[in-house]
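> Given next are the chains, with one letter for each unit.
2 protein chains.
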Amino acid sequence: MSRYVYLFSDLDAAQAAAGPDWSDVRRLLGGKGANLADVTRLGLPVPPGFTVTTEACLRFQEGDGTLPDEIWSQQLEAVKALEGQVGRGFGDPASSLLVSCRSGAPVSMPGMMDTVLNIGLNDQIAEAAMGRGRQPRFVFDLYRRVVHMFGNVVLGVEDEIFERVLHERRLEAGAHDDTGLSAKDWEFVTEEFKKIVRSYAGREFPQDPFEQLKLATTAVFRSWDSNRARDYRAAAGIPDDLGTAVNVQTMVYGNVGVGSATGVCMSRNATNGRPELEGDYLPNAQGEDVVAGNRVTRHISELATAMPEIHAELVEMAKTLERHYRNMQDMEFTVEEGKLWLLQTRDGKRTAQAEVRIAVDQANEGLISKEEAVQRVKPDQVDFFLHPQFEPDAVAAAMSIATGLNVSPGAAVGRIALDADTAKRWADDGVKVILVRPETKPDDVHGMLAAEGLLTSRGGRTSHAALVARQFGKPAVVGVEDLVLDMESRVVRFPDGTEIAEREFISVDGTTGHVFQGEIETLVPDLADPHLLRILEWADEFRELEVRANADYPDDARRAREYGASGIGLCRTEHMFFEKERLPIVQRMIMAPTASERDDAILQLLPLQRQEFEGLFEAMDGLPVIIRLIDPPLHEFLPALEDLLRDLTDLKIKAQHARTLPELDDLLDQVREKQAFLMGVEELREQNPMLGNRGVRLAIQIPNLVRMQVRAIILAACACVRRGVDVHPEIMIPLVGHVSELRKVREILEAEAHKVMEEQGITVPYRFGTMIEVPRAAVTAGEIAEEAEFFSFGTNDLTQMTLGISRDDAEAGFLIEYQRQHVLPDNPFRTIDREGVGAVMRIAVENGRAVRPELEIGICGEHGGEPKSVGFCHELGLDYVSCSPFRVPIARLAAAHAALKDRPAEAPAEAAREMAGAT
Amino acid sequence: MSRYVYLFSDLDAAQAAAGPDWSDVRRLLGGKGANLADVTRLGLPVPPGFTVTTEACLRFQEGDGTLPDEIWSQQLEAVKALEGQVGRGFGDPASSLLVSCRSGAPVSMPGMMDTVLNIGLNDQIAEAAMGRGRQPRFVFDLYRRVVHMFGNVVLGVEDEIFERVLHERRLEAGAHDDTGLSAKDWEFVTEEFKKIVRSYAGREFPQDPFEQLKLATTAVFRSWDSNRARDYRAAAGIPDDLGTAVNVQTMVYGNVGVGSATGVCMSRNATNGRPELEGDYLPNAQGEDVVAGNRVTRHISELATAMPEIHAELVEMAKTLERHYRNMQDMEFTVEEGKLWLLQTRDGKRTAQAEVRIAVDQANEGLISKEEAVQRVKPDQVDFFLHPQFEPDAVAAAMSIATGLNVSPGAAVGRIALDADTAKRWADDGVKVILVRPETKPDDVHGMLAAEGLLTSRGGRTSHAALVARQFGKPAVVGVEDLVLDMESRVVRFPDGTEIAEREFISVDGTTGHVFQGEIETLVPDLADPHLLRILEWADEFRELEVRANADYPDDARRAREYGASGIGLCRTEHMFFEKERLPIVQRMIMAPTASERDDAILQLLPLQRQEFEGLFEAMDGLPVIIRLIDPPLHEFLPALEDLLRDLTDLKIKAQHARTLPELDDLLDQVREKQAFLMGVEELREQNPMLGNRGVRLAIQIPNLVRMQVRAIILAACACVRRGVDVHPEIMIPLVGHVSELRKVREILEAEAHKVMEEQGITVPYRFGTMIEVPRAAVTAGEIAEEAEFFSFGTNDLTQMTLGISRDDAEAGFLIEYQRQHVLPDNPFRTIDREGVGAVMRIAVENGRAVRPELEIGICGEHGGEPKSVGFCHELGLDYVSCSPFRVPIARLAAAHAALKDRPAEAPAEAAREMAGAT
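These protein sequences, in sequence, are chains A and B.
Throughout the first sequence, residue numbering follows the working numbering, covering 1 to 919 in sequence.
Throughout the second sequence, residue numbering follows the working numbering, covering 1001 to 1919 in sequence.
Hints are not guaranteed to be accurate.
Stated by the list, open to error - Heads up, simulated DSS-like pairs for lysine-lysine below, C-alpha to C-alpha not over 25 Å straight-line:
| no. | chain 1 | residue 1 | chain 2 | residue 2 |
| --- | --- | --- | --- | --- |
| 1 | B | K1652 | A | K674 |
| 2 | A | K868 | A | K378 |
| 3 | A | K654 | B | K1652 |
| 4 | B | K1370 | B | K1744 |
To be verified - Computed far set for chain A versus chain B, every beta-carbon distance over 12 Å:
| no. | residue |
| --- | --- |
| 5 | D429 |
| 6 | E519 |
| 7 | E741 |
Said to hold, decoys possible - In silico negatives: residues of chain A with every beta carbon more than 10 Å from chain B:
| no. | residue |
| --- | --- |
| 8 | R323 |
| 9 | K349 |
| 10 | H387 |
| 11 | K424 |
| 12 | Q687 |
| 13 | S740 |
| 14 | S806 |
| 15 | D809 |
Bear in mind the hints are in silico, worked out from the structure with no lab data behind them.
Backbone N, C-alpha and C fix where the C-beta goes; we use that ideal spot for every residue, glycine too.
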């Protein structure tokens, strides 16, 4: 005969039956059951109980919908054992053992039957209890609860019907909250509830305690097969054959009187991570009362005064649990007439800031290893320290006027704009706006980009608004259901009734999903948080990937170094060309009618470039600096053809209206000049500039331009060497697809470098390398490695070409539809597409290192700062990742995670975490 | 002691010394020496002689510039042996053995010393010969030749100086050609030549025959190291350590009198391949006289009357040589007093038409195998049958007014246009033009495209004009040095003095490099040439690749089938959308404001598509037809944004000038309408449309469009089945990069296909497949093969993405510079880039077939009709290539070549060809 029921106190037997791993135990007993048994074995005061296994559930599913006798008889035995443990009898009016009944699947899962408390109570037992001196108010409080919960979750009567009775009774009694209700009130409510059951469920509330238990058990098992549970499993990929367990536990009562209480409490502060209990409790209350909001709760620190011994015991219990689970705990407890009971514990949810501090503190306390501390903080949590957030006290003081889905983190404050064009117009005028829309469409993207944040009434986590907001890092709250946009009067009505006109301020918290009226103070949490610095320090001990930064200016380089970058992985030289005082020189160079005029313009750029390079080398004293030669197509430095056409039209129309001959002549001159310029721009125009005349292709056609850049690099390096700066320039040639491009250009540039060094009488240790961003370069990496001393993956372009997707067009276009339809698992421009782009990268690494084993290989695309992609780079065996200075800390942590993943798992820590994950 | 000299009659010894392969013999004796020895062994009447080996040349190069004694002494021995063979003495006035001396390297090579005839002649021997009864005219004719040639090629005196004397003498004698000159004249010329040598070379013409021979030998060896020869070797990649041989051969005389003659002759007609001798001869002439043009030559057929026995002997000799070399021969012969001598033979150059006929005839005669016949015709030669050519008789009758480099084949006739804009304007008006320019620049491309053909005065085979012309298949002659373009009077002056005004006709032959005045009749040689058909038939027996055609319309399909296509590899369905009556429907579909209006437009396209598909299926009865669903970005069906902007400007200006209020209102309405349309177009616009919203991406967004296409395909197929047509539609989805794109779309389309078949009550055997044109598709081909029943490489896009090159921009842009600088070996859009794109294709083939071994894989990019690329497709193991109908015959032949390359080489044929390659 199979065993379907285990006492909490019989974990050893359950483990023997389930298997050696804790996951086997969870699978058999469900998460909650396994957890309660575990804490029982730990010697903590858990009310005794037993678990009906998931196997029983599966057995039930096979049958006709009635609980098999075999299971029920084992439950009866367990009830007997329970009676022995607590010294009371189930259904025995003389001693009145009551129990709770809860579901508990191996994985946390909504859609299933929740909790029924106080099972075992009936008219006779209630009477007897009062006869034994129990307060009638206490007894009827228990009784009305069991009828309510049983009626609702077992018999399926709508909750609202019960709640209405309660509400009316409170009104009649003029009670501020439930403490204002008397024994009589509860007796009346109990009777009303029984009537409700009778008329809505078509049956009496069962007076037989065993029938109550049997029906509750059956209801849990049946709920495994409910539509809601099935749908959830299908969506979350949870197999149907797991089943759920049922936990039957002795009731303890926090509502017996002043010496009783019930509460929830975290073992550490969940907001900032400080090592202190945090939570709330209510004296003389039961169950959900603390979270229901019917009574004003007390802060857990008050318990130290109210019940000093209990408080001390709770502190000790928290320590024991943290030692056992090696993580911060979220506990439910009840104090029954001076005795503390632990009802449940699990890993506590916490903010990023708290996560970091707790990880560091627990490691310092010896509770967890440094490796675990590092692994516990998710790279994305570091992001918290970089995004503006609302000032916590200001948020606490503010009233949330709406709550929606927190789809894109960060805090945003601005004036309401009710359409994209308005948002764009105001933003162009320097006004900060929040775009508020029913939903967004591709047409709205210009307004979304202009806004500080987004708020919509429709749409889910993968709606257009959500995707675009995350894409562009805009804080966003979507799907606020009762948000009404009155486009006539240009007013927004919030779910709480607040009306706010367009152009007024609101504050949107994309991290929590809350919306506030007015301007709430924001702050950028400090990256210099000492606990974060400690975690990053530890991460550095474990990671194998170097982390460099993409930085074009000395200021960026300095910041990057502060954030822990060990070099520059990408300096985009052309960014310097876009600056106001330089652009005219660059345009002169591009449009030069003769080679010598072009060379003149090029020479004017030399001192400007040289100066920037000196600043970079100084900021990166002792570290490598990879400088990429000019990359974009030349027409990017010129005005858009459409703008020129429109200007020309305006001029022509003006000329039509000229009043004097000299005015006309002047305007016609302007027309001619504009026309000539336009023709020049038109000639440079390309149908697909991304695949056009750029990168090394420019170098081959205008060798003097890159020759000048190399001269500027080497001159700057020489000047730095003279000042005692340790320079390591690495010169990178972009867009190489064929080795002979690299060979030709390198030949010219090496000659120039040598010439400059000879002129200066100084030798600079430099290297030549190339981007790997054209798929052809990847598949012929063996040949290319013969000419290149280093590779740097330009995964932005490599992704565009490998996938045949123009990023700028697609991210605001078909990629949104693709993600909505789940055609692609991730945005490949966010996370490296492992199967596609990743395969191409692997070919390049293997072929390149086969030819030149010491080849330095890194990545400088935006993926270099994205945790999953960093992990992939580690797997590929790259030497470094390079990302924007702000993402350097994220990359450092991600690199450590990747390296730690390779280590043999540390079994106890893992198991403990998993155990604590039970809810 | 090394042996440096071999008699022609001692080939066995040379072979023993050189090695087993004929290439070793060629390496030792040089091409000409080996060839002469070979023909000697064959028993043909070759004037005896000997070869000083290439090893002697290398030995000479090591020394101080004088001929080592060891070599000279062996030469002296060989002269002795020669004297024995012919019974005359070298330098012996009594018998006068004269010899020629020629260079002969292992590979044909310009830049080296050519020929000196009549070595051994001096005053004393001349005197003695006349004493023995030789005609003085004959003797001085020989003497003036040796002084001339020796002075020129051994002593380095400019040829023109000698020629001037001859020219003046002819004028003085009033002689029409050299036959008009007397013995006295030649004696005078000889003396003048001696004077020239004395004053220009600073030495007397050597009277010692042995000194003549020694100096001539030294001059040949020295010429191996000349600048011209070195440059040529560097450019052609010929190693410097090959060396050249020297061939010393007994002179025979075609200028002894009426019983003597000299001539050149082909064993078959080199123009049309007919099996008849073809060539010219001159009675009583020596050496270069036949080709020098100083005398009017006679056709070889006249020899049958003039010297019937010699003619018969020559016919026999040609047969013997063809049997030996298994190819058509180009022979030089001399008749000395009734005796026929063979001086040289080599494989004859011939037209494409002749190549085809000769290959077929020789195979039919049993001279070569069918395999060899097929291999002998180059695929590009088939191109000849497809390009217009000038009518041969018309060309023969016309005077060439200029000759330049024949850089792009074909015949073109048109009116001269002197600049690109003019060419474009006239061409737009329907006038056929030839663009004549000093050279071309990227600015000229629009004019080049508009022209029938090109003519330039500057530039070489890799000039902009040449590259662009070949790119776009425009006949072109470039680098006509003395071509003068008078841009003032708009007249072209040709090298021969002809002046032709702009707008007058010229004819340009890009195949031969000749230019003619006026319009010459052109003809498209017939693809139905019976010999070509035979070669293609044989090719079909050998090839393993199937050849299909890219055809969008039933007419194309029929032509393709005639040309031997065994199916359609690509039908571009969108081409049908571009037709005049359909474009408005397509535009309505694109700009539809609602989904239902869009669906209406889509449904209007259904019957049109269906009709075309029926035509295709009928034309390809029994064969597969691959139909690709819509591919290009939608905005390709709309007018260009710039054009709309310009129209709008015009409208606005017009509105400014409106004279009445109604007129103004009307114009403003038009402005508004245009503006709205323009905004719609602007919205669809993409920065990089090639990587944009097209192919399967459209299918995912507008599933009803592709659903309609599939409905049209299956409806057409059902209708055909009803009429008894055997249909094999294959439905191809373009631009797939991720398997889930294919999965999603296929699901929708399979459902539609089944629905139509059910409606029609007919089952059609169809397949679903995909293009492999995105690199990601190639690297994840394993996954994709799970959904695709066939692959078709779209190598145009695959090349664009793998190389990161936008073809339309690059081919008229930086790729020209790239080819000029030899950055890329070939144009990758012409010939598949094996190392890059080829590697990606190989990955796709391997991964795809690993998952689905029976996967049908083909290619439908333009490369499918290019011989080298076809060869690569064969190597990759593809099932078929698909190309434009006109290129189907080329692909058939190329496929056969590729298959035959795999076979074990047929040694004798190969060796024979190589031997005959000697010159």
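> For each hint, tell me whether it holds in the structure or not.
Status of each hint after checking the structure:
1. B:K1652 - A:K674: Holds, at about 19 Å.
2. A:K868 - A:K378: 11 Å, holds
3. A:K654 - B:K1652: 12 Å, holds
4. B:K1370 - B:K1744: Violated. B:K1370 to B:K1744 sits at ~50 Å, over the 25 Å cutoff.
5. D429: Since the minimum Cβ distance to chain B is about 23 Å, A:D429 lies beyond 12 Å and the statement holds.
6. E519: 36 Å, holds
7. E741: Nearest chain B Cβ is 6 Å from A:E741, so the label is violated.
8. R323: With a cut-off of 10 Å, A:R323 remains clear of chain B, as the shortest Cβ separation is near 47 Å.
9. K349: At roughly 34 Å from the nearest Cβ of chain B, A:K349 sits farther out than 10 Å, so the non-interface label holds.
10. H387: Since the minimum Cβ distance to chain B is about 30 Å, A:H387 lies beyond 10 Å and the statement holds.
11. K424: Holds, because the least Cβ-Cβ distance between A:K424 and chain B comes to about 15 Å, which exceeds 10 Å.
12. Q687: Contrary to the label, A:Q687 does not stay out of reach of chain B, its closest Cβ about 5 Å off (not over 10 Å).
13. S740: 5 Å, violated
14. S806: It is violated; A:S806 is separated from chain B by about 4 Å at its closest Cβ, not greater than 10 Å.
15. D809: 4 Å, violated
The structure fails hints 4, 7, 12, 13, 14 and 15 (numbered hints given earlier, in ascending order).
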